[in-house]
Structures are given as C-alpha cells and as structure tokens.
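Read off the chains here:
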Amino acid sequence: MSASKQWIAFKTIFIKEFLRFIRIWKQTILPPMVTTSLYFIIFGNLIGGRIGEMEGYRYVDFIAPGLILMTVITQSYANTVASFFGAKFQRHIEELMVSPTPDYIIIFGYTSGGIARGIIVGFAVTIVSMFFADLGIHNFAILMSIVVLTATLFSLAGIINGVYAKTFDDISIIPTFILAPLTYLGGIFYSISLLPEFWQDMSLANPILYMINAFRYGFIGITDIDLWFSYGIILIFIALLYAYTMYLVKAGHGIRS
Amino acid sequence: MTCALEITNLHKIYRNGFVALRGIDLHVEQGDFFALLGPNGAGKSTAIGIITSLINKTDGRVSIYGHDIDTHFAEAKSCIGVLPQEFNFNIWEPIEEILVNQAGYYGIERSDAYSRAEHWLRQLGLWDKRHEIARNLSGGMKRRMMIARALMHDPRLLILDEPTAGVDIENRRTMWDFLTRLNQQGMTIILTTHYLEEAENLCRNIAIIDEGRVIEHTSTRALINRLGNETFVLDLESRVAELPHLDCHAVRAIDGFTLEVDIDQGAGISSLFDALNHTGIKVLSMRNKTNRLEQLFMQMVDDRRHP
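Line order of the protein sequences matches chains A and B. Sequential numbering from 1 applies to the first sequence in this note's numbering. Sequential numbering from 1 applies to the second sequence in this note's numbering.
None of these hints come from the bench; they were simulated from the model. As the structure is a prediction and not an experimental result, all values here were calculated from the model. One or more of the hints may lead you astray.
[Said to hold, decoys possible] Derived lysine to any residue pairs resembling SDA-like cross-links, with alpha carbons at most 20 Å apart:
no., chain 1, residue 1, chain 2, residue 2
1, B, Lys129, B, Met141
2, A, Lys250, B, Glu109
3, B, Lys282, B, His245
4, A, Lys88, B, Gln85
5, B, Lys142, B, Glu109
6, A, Lys11, B, Pro94
7, A, Lys5, B, Glu109
8, A, Lys88, B, Phe87
Please model the entire structure based on the sequences and the hints provided.
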C-alpha cells in the first residue's frame, strides 16, 4: 500500500474515531466536566480553603493541573479501550483486518482518536478550571507536549486492554484497580515532598507522577522531578507500549483465530 | 493465465487441537462463478477466513491473482471483497458512513468514496436508507449493505459466505440477478451456500469440502451428469385408479392426482410424454422433485461417512 493510500486509511480511522466520541458527547465530554467541577468545589474551595498553600501556591491552583491531566489520562484510555473492544465485540474490526491497511496504521488511527478525545476533553476541563482556579501558563510548549505524550501513552494502553478484553467487565478492571490508584497517588492532590522518604521513593515508580509534575510545571513553573527525566520516562513507556501493541495486533491476538 | 485463487496444501489446526483443514488444494479461474460447498463444520468458513486474513493458517500457501497472502498481503487483500457469514459492522453507524470508511481502508479518497457509495447503494436499492444507522435495517438489507461494502474498492474476486442466509425468496432472486451481472462483467465470485439450488443455478464450478478435505472439485455440469436419474412430480388432470406402466420409467403414486416418475439420464423427457400419451393420462404440470445437486451432495457426503 503506497504512502498516500496509507495516509488516507489513517485519516479514515481518525475521522471514524473522532465522530464516534463526538456523536456521544453526553457520555464522553460532559461527564468529565461535571466531575471536575465537583472536585474543584469540594477539594478546591471547601476543603482547599482550610489547607492553605501547597509549595507556595493556593491549594486550588496547585491541584488544577493534576485534575486536568487526570481527565486527559482517563479519557484517552477510555476512548481506545471502548472503541477497540467495541470493534472486536461487534466484529467490525474485521473491516480493517481484511483491508490492506498496515497494522501500524491501525494502531496510529486508534491512538489518534484517543489523543483527540484527551485533548478536547482536557481543553473543556481547563475552561471549567478557570472558573475556580487562577490558571496562568508558564510554558505552553511543555503543556501541549505533555498532554499529547500522555494521551498517546494511555491510548496505547487502552488498545492493549481492548485486545485482551473478552467481556465488558474486562475493560473496567484496569481503569478501576490500576489506573485510578496510580493517578490519585501520582501527586495530583499533594507534593511528594510531603511524604515520608520511603513513600517518596515508592512514588517515583509511578509513571503518572512524572506526567503530572511536568504538566504542573507547564502551568505554574514548579516540579518535584527533573523535567527532562520526566520526558525520558514518558517516551520510554510510549516506546514499550507501542512495541507491545504492535506485537499483539500483528499476531492477531484476540482478533484472529 | 493466473488463477484468481490458488490454494495449495492448506492446513489449519486451532489452538484447542481441532483440525479444520487437512491439506486442501483449490484453484479458481479468473471470471469463474465458483461454489464452495460442504456440511456445517466442513471447513468452508475456515478456508475463507484464511483467504481473507481473518484466520491464521497452520501451513500451506494461498495466492490471489498471483499475490501470495504472506509475502504480498497488501496486493492480495486489495483484490478481495468479502461478505462474511455473520454481520460485522458498527450497528450505530449510518450505512453510507460504513461504506465510505471501508473504501478509506483501501486508500480511496473520501470524495470518490461517497460517489462509489451512491452507486452501490442505488444498485442494491438502499440509497433511501443511506442515513439510517445499520441497526435499523432489516436482515436482507443488512446483507445487501454488506455486499455494497465489499464492492467499494472494485475487487477482482468477490467472496460470499452464505450471502442469502435468512433472505426471503424475492430478495434472494434479486441478489442472484445482481451477482450474475457482476460475474458477467468479469468479476470472479466464490460463494458458499447451503441452498444447493443457488449453487446449481449460479456456479460453473464446484468444490465440496468435508471434514477438512476437498472431496470433489469439478464443473457443475460434470457433477450433475453423474446423477443417474432425476425424479419429476406430475400433477394430473384426473384421478388415476391404478399405477400406469410407463416403459423405462419407475412410477410411484403420491395420491390419485399426483405421480412421481424417475427418468434416466439420457432417456429424455419426451419418452415420458410418449408413454403418458399411450396410457391416456393428461398432465397439468410437472416439476423436479428435488434439487439435483442436493441429491448428489447428500449421496457423496453420506458415502464418505458410511462407506
């Protein structure tokens, strides 16, 4: 398949994925906006007022970047896992499998859908955040690059979950029992410098910590961890997940008999 | 001339140990209308799954218009349009979108894809339904939509896995006419079906698979010629009191007004009418008792299983 035809195939998957989550915006875009508003009202305004400052910033301003990135993580993951599993469940993944579209274009296409949802919902949640927090932008390039890389990483993770999932229960187990704890313990609501040394070291094993800190740096210019180290960790995870996704799709795991 | 499809020594053993194909060889010429027949579980759908890359083969070689599916998978896949047995589309998508997306997977620009979708949806009587989500279509419409989808990239080889399953008689006939026109325009068509009348009417060549092996691979005409005789049912104008004696033909009475007559291959139908004229029996209408191919098919499968 020529490069121009591959580009058309990629655009087709992207448009299909984009329209899918836009068409069901009441399930995909609205709920995170409501949830984030509740976080801001409860943790930001009601409780946050009593906590005072964190790293020299108002508590609500400190947690805002983490809450936005948490939305990007959950939405990009949810998009690919639901879409890929849905395609398997309804068997329309076969439309792609019988076509000459290369495996990597299939992965890029689904991943781009997850990235698009992560960015759009992340943007919507940022608008909501502005009503509660004083959001200044310290470095826009870092903000955007971290959003795109984080959404890429979790879109790939979502595809892997979708490949392995056999039932609808299987697509909620990872988000509930792995993704949510890692996200909440990734420094959204606190600086890891507040933790005892042992737990600080343990936190460093959590990849989400690096994303949240780098993203927070993009907004308010502070981070617990070296910025370039964070980029390195994120890129390594993306490379590993991409290689594994490619292996699964090429082997037809869960797709071909 | 390169074969449209060439299968050599194809084996498939599933992970659970089930042996679906035991080294089948098949060739389908360009422009052929070919039937792949066999009882349930014979290996037809496994073979089609391997040809269309939905099932990984254990061993063997598959080549489509000279393109090996292992080494030149993109070229091979571009030649094939497939209608699977099961519905496999997103039920929440409008049907026009399903078709346009399918074309996109073959590298066809969206603007071109929309005009192709219009062409095939009009051909298959679905243009008025183009904005409907697939879920809202009837079973027959869903099948026709899937045929349109399979044709979006102008395949040279169309593979239909039970295309008329669950389709009413009127729609089945319309589909037969449509497929015949496609074949006359040069498209190679392979179909599997349980309606052997369908295979007999449409297909020039036939392969029969049973228990993972090809047990017959020949022309429809040659296969039919093997049938020793044919049975016809005659509806009579008036009741016959006793069974008439018709030279060279075995006769059975169904009731007073209906007879069943076996006619040997080569004897011809006119000899029957000559015999009936001698007895003074007037025939109102006459029809085949059973589908000829069905009779042969049952005989061959039965012979293999109860030698």
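Now for the hints, and whether the structure bears them out:
Restraint check: the Cα-Cα separation between Lys129/B and Met141/B comes to about 9 Å, which is no more than 20 Å; the hinted pair holds. Between Lys250/A and Glu109/B, the direct Cα distance comes to roughly 26 Å. Violation of the 20 Å bound is thereby established for this hinted pair. As the CA atoms of Lys282/B and His245/B are separated by approximately 15 Å, the hinted pair is consistent with the 20 Å bound. A C-alpha spacing of about 16 Å is found between Lys88/A and Gln85/B, which places the hinted pair at or below 20 Å, so the restraint holds.
For a cut-off of 20 Å, the pair hint linking Lys142/B to Glu109/B is broken: about 24 Å separates their Cα positions. Between the alpha carbons of Lys11/A and Pro94/B the distance comes to roughly 18 Å, so the proposed pair stays at or under 20 Å and holds. The suggested pairing of Lys5/A with Glu109/B holds, with an alpha-carbon distance near 8 Å, which does not exceed 20 Å. Between Lys88/A and Phe87/B the CA atoms are separated by roughly 12 Å; this keeps the pair inside 20 Å, and the hint holds.
In this structure, the hints that do not hold are numbers 2, 5, in rising order.
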